[in-house]
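Engineer: All chains should be built: construct the whole structure from the sequences, respecting the hints.
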Amino acid sequence: MYDVVIVGGGIVGVSLAYRLAEEGAGRVLLLEKGYLGGGSTFRCAGGIRASFTSREHIVLMKRSIELWGELREKLGVKYERSGYLWLISRERDVERFKEYSRVHNSFGVETRFVDEDFVKRVAPYVDTSSMVAALYDPLAGKASPFDAVYKQFLAARSLGVEFAVGREVDSVRVERGEARGVVVGNELIPARSVVVAAGAESVFLLRRSGVELPLAPVPHHAALTEEFGRLFDPLIIDVETGAYAVQTFHGHVLMGVEVEEEPFARPVVKLEFLEKVVSTWSKWLTWLPGANILRYWVGYYEVTPDHHPILGPVDGVENLYVATGFSGHGFMMAPVVAEELAEWIKSGKPKSEEAARLTLARFKEGRLIKELAVIG
Amino acid sequence: MKAYVCMCERVTVEDVEKAIEMGFTDLESLKRFLRVGMGPCQGRYCVPILLSILSRRLGVPPEKLGYVSVRPPVEPAPASLFLKVRKDV
Ligand SMILES: Cc1cc2nc3c(=O)[nH]c(=O)nc-3n(C[C@H](O)[C@H](O)[C@H](O)COP(=O)(O)OP(=O)(O)OC[C@H]3O[C@@H](n4cnc5c(N)ncnc54)[C@H](O)[C@@H]3O)c2cc1C
Numbered sequence: 001m002y003d004v005v006i007v008g009g010g011i012v013g014v015s016l017a018y019r020l021a022e023e024g025a026g027r028v029l030l031l032e033k034g035y036l037g038g039g040s041t042f043r044c045a046g047g048i049r050a051s052f053t054s055r056e057h058i059v060l061m062k063r064s065i066e067l068w069g070e071l072r073e074k075l076g077v078k079y080e081r082s083g084y085l086w087l088i089s090r091e092r093d094v095e096r097f098k099e100y101s102r103v104h105n106s107f108g109v110e111t112r113f114v115d116e117d118f119v120k121r122v123a124p125y126v127d128t129s130s131m132v133a134a135l136y137d138p139l140a141g142k143a144s145p146f147d148a149v150y151k152q153f154l155a156a157r158s159l160g161v162e163f164a165v166g167r168e169v170d171s172v173r174v175e176r177g178e179a180r181g182v183v184v185g186n187e188l189i190p191a192r193s194v195v196v197a198a199g200a201e202s203v204f205l206l207r208r209s210g211v212e213l214p215l216a217p218v219p220h221h222a223a224l225t226e227e228f229g230r231l232f233d234p235l236i237i238d239v240e241t242g243a244y245a246v247q248t249f250h251g252h253v254l255m256g257v258e259v260e261e262e263p264f265a266r267p268v269v270k271l272e273f274l275e276k277v278v279s280t281w282s283k284w285l286t287w288l289p290g291a292n293i294l295r296y297w298v299g300y301y302e303v304t305p306d307h308h309p310i311l312g313p314v315d316g317v318e319n320l321y322v323a324t325g326f327s328g329h330g331f332m333m334a335p336v337v338a339e340e341l342a343e344w345i346k347s348g349k350p351k352s353e354e355a356a357r358l359t360l361a362r363f364k365e366g367r368l369i370k371e372l373a374v375i376g
Numbered sequence: 001m002k003a004y005v006c007m008c009e010r011v012t013v014e015d016v017e018k019a020i021e022m023g024f025t026d027l028e029s030l031k032r033f034l035r036v037g038m039g040p041c042q043g044r045y046c047v048p049i050l051l052s053i054l055s056r057r058l059g060v061p062p063e064k065l066g067y068v069s070v071r072p073p074v075e076p077a078p079a080s081l082f083l084k085v086r087k088d089v
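Protein sequence lines correspond, in order, to chains A and B.
If you're matching positions, the first sequence starts at 1 in the working numbering and goes up one per residue.
If you're matching positions, the second sequence starts at 1 in the working numbering and goes up one per residue.
In case anyone wonders, no lab produced these hints; they're calculated from the structure.
The structure displayed is predicted, hence computed values, not measured ones.
Fair warning: there could be bad hints in the mix.
To be clear about the criterion: a stretch of chain A counts as covered by chain B if any three or more of its residues have a C-beta under 8 angstroms from a C-beta of chain B, and this derived list gives those stretches [said to hold, decoys possible]: (1) 67 to 80; (2) 141 to 155; (3) 266 to 274; (4) 278 to 289; (5) 360 to 369.
Here are the simulated lysine-lysine pairs, DSS-like style, with alpha carbons at most 25 angstroms apart [said to hold, decoys possible]: (6) A:Lys98 <-> A:Lys283; (7) B:Lys84 <-> A:Lys270; (8) B:Lys18 <-> A:Lys33.
Ranges of calculated distance between the beta carbons of each label pair, as one might list FRET restraints [what the hints assert, rightly or not]: (9) B:Arg57 <-> A:Glu116: 49 to 57 angstroms; (10) B:Met7 <-> A:Asp115: 25 to 33 angstroms; (11) A:Phe118 <-> B:Gly23: 40 to 48 angstroms; (12) B:Arg57 <-> A:Asn292: 31 to 39 angstroms; (13) B:Gly23 <-> A:Arg92: 50 to 58 angstroms.
Glycine included, each C-beta is placed from N, C-alpha and C at the ideal position.
Structural biologist: Have a look at this one:
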């Protein structure tokens with residue numbers, strides 16, 4: 001009998017496994033059907049920020065950022081507070097970002113407008129000739145998805161967590177309103193608590209277990225250039241289109257921009273994306289047309305109706321927990337999600353009231369949460 | 001002397017064997033843990049070598065080990081190429 005079984009070996013499942021192990025939460029098993037990180041996590045940009053507009057996002061992400069710092073210290077995870085920089089090229093966007101900044105500041109997230117000299121210092125290879133203003137977030141930053149998954153995996157394993165990689169969970173066994181474990185093939189793996197952290201696929205897994213999630217996988221695209229020396233430190237965002245670009249620890253530039261996609265669409269590559277991402281970023285990165293594109297891939301955002309995650313216990317099914325629906329922000333949130341869930345499993349309550357408001361029940365009760373800034 | 005598996009990322013046979021011992025025994029994880037095949041050659045030269053080392057180590061024929069996901073544009077392509085895409089098709 002396991003104390004906790006985790007379904008899904010993305011950043012959320014692996015972070016939780018490590019956290020539970022550190023807290024001595026007993027016998028823990030993580031099941032991953034493909035390979036660790038192979039869902040959305042290894043397709044993500046690795047950006048981390050607390051500069052959101054909802055109280056829930058800001059408070060939880062601020063805590064997550066503290067925990068990212070601890071991960072760097074304890075495990076040597078590649079993580080840097082190198083900032084986010086919103087590049088504004090149209091006068092009409094300035095007021096909107098002033099308002100966002102006021103909200104950030106009121107929660108102690110010190111975003112501020114910066115001048116051209118500042119931009120040139122933190123981003124020497126960004127062309128500022130079309131810039132009318134720029135908002136900088138010094139608390140934000142980036143981490144390496146590979147490093148974050150592998151270092152936490154190795155640490156969790158050395159603390160006794162069992163990992164079953166290449167094993168797909170068919171369903172969660174629910175009897176008399178209580179989760180009893182997970183079903184893999186013909187086998188029941190019994191557990192006191194089950195956590196579903198299966199990313200975009202959580203919706204299908206839980207449906208097979210009798211639980212409906214308001215969750216839609218939506219394809220998002222990203223392309224990577226060859227590697228360079230230092231180009232720009234912060235993750236940069238083109239406010240006009242919502243496109244983002246970040247230089248990875250290895251030196252590549254990873255870029256994303258939205259192209260039209262339907263919920264539940266198959267993730268397929270589109271020439272249209274490459275055209276859009278290169279033309280959008282050529283405005284700020286004037287050297288980009290001469291650089292090489294090395295790779296291009298598509299992954300899922302696991303999107304909820306209010307763009308906030310679904311966290312914690314499932315109403316009507318004892319001992320079943322979910323952690324998904326991050327709507328494009330699951331990498332940055334994973335450390336605090338692990339902390340909150342570990343507490344929830346141990347004591348029946350999360351650490352913060354903000355986490356408590358993110359349960360599945362909010363959809364039934366009509367308590368949706370507003371977030372305005374859904375990018376990078 | 002060092003025997004390289006992946007020239008782009010400077011990964012040696014020794015690195016691969018160590019990673020397998022650490023428990024990275026599928027191609028996708030080995031690739032990402034070591035970065036074999038993530039450089040400009042896109043895995044053309046190194047992934048088949050990686051595959052054969054893994055196959056020998058596990059005693060499993062290479063065709064049973066699958067292959068890593070291959071991502072476009074397959075070869076490094078100048079970004080300017082994509083500015084020439086016709087949008088009305
Ligand atoms: C292009 C792109 C850029 C992004 N950029 C950022 C960013 O900058 N910052 C940020 O915070 N977020 C970003 N995201 C979002 C982020 O990637 C996700 O929110 C996050 O990775 C979710 O992690 P997860 O562990 O919940 O899910 P996943 O990483 O998807 O992991 C779920 C795992 O569960 C496994 N699984 C599924 N079903 C089963 C089953 N039945 N049995 C066993 N295993 C199963 C899957 O194989 C998968 O490995 C980005 C996403 C994309 C696509």
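Engineer: Now look at each hint and say whether the structure bears it out.
Structural biologist: For each hint, the structure was consulted:
no.: 1; hint: 67 to 80; result: violated (count 0)
no.: 2; hint: 141 to 155; result: holds (count 3)
no.: 3; hint: 266 to 274; result: holds (count 4)
no.: 4; hint: 278 to 289; result: holds (count 5)
no.: 5; hint: 360 to 369; result: violated (count 0)
no.: 6; hint: A:Lys98 <-> A:Lys283; result: 23 angstroms, holds
no.: 7; hint: B:Lys84 <-> A:Lys270; result: 14 angstroms, holds
no.: 8; hint: B:Lys18 <-> A:Lys33; result: 24 angstroms, holds
no.: 9; hint: B:Arg57 <-> A:Glu116: 49 to 57 angstroms; result: 55 angstroms, holds
no.: 10; hint: B:Met7 <-> A:Asp115: 25 to 33 angstroms; result: 44 angstroms, violated
no.: 11; hint: A:Phe118 <-> B:Gly23: 40 to 48 angstroms; result: 46 angstroms, holds
no.: 12; hint: B:Arg57 <-> A:Asn292: 31 to 39 angstroms; result: 34 angstroms, holds
no.: 13; hint: B:Gly23 <-> A:Arg92: 50 to 58 angstroms; result: 54 angstroms, holds
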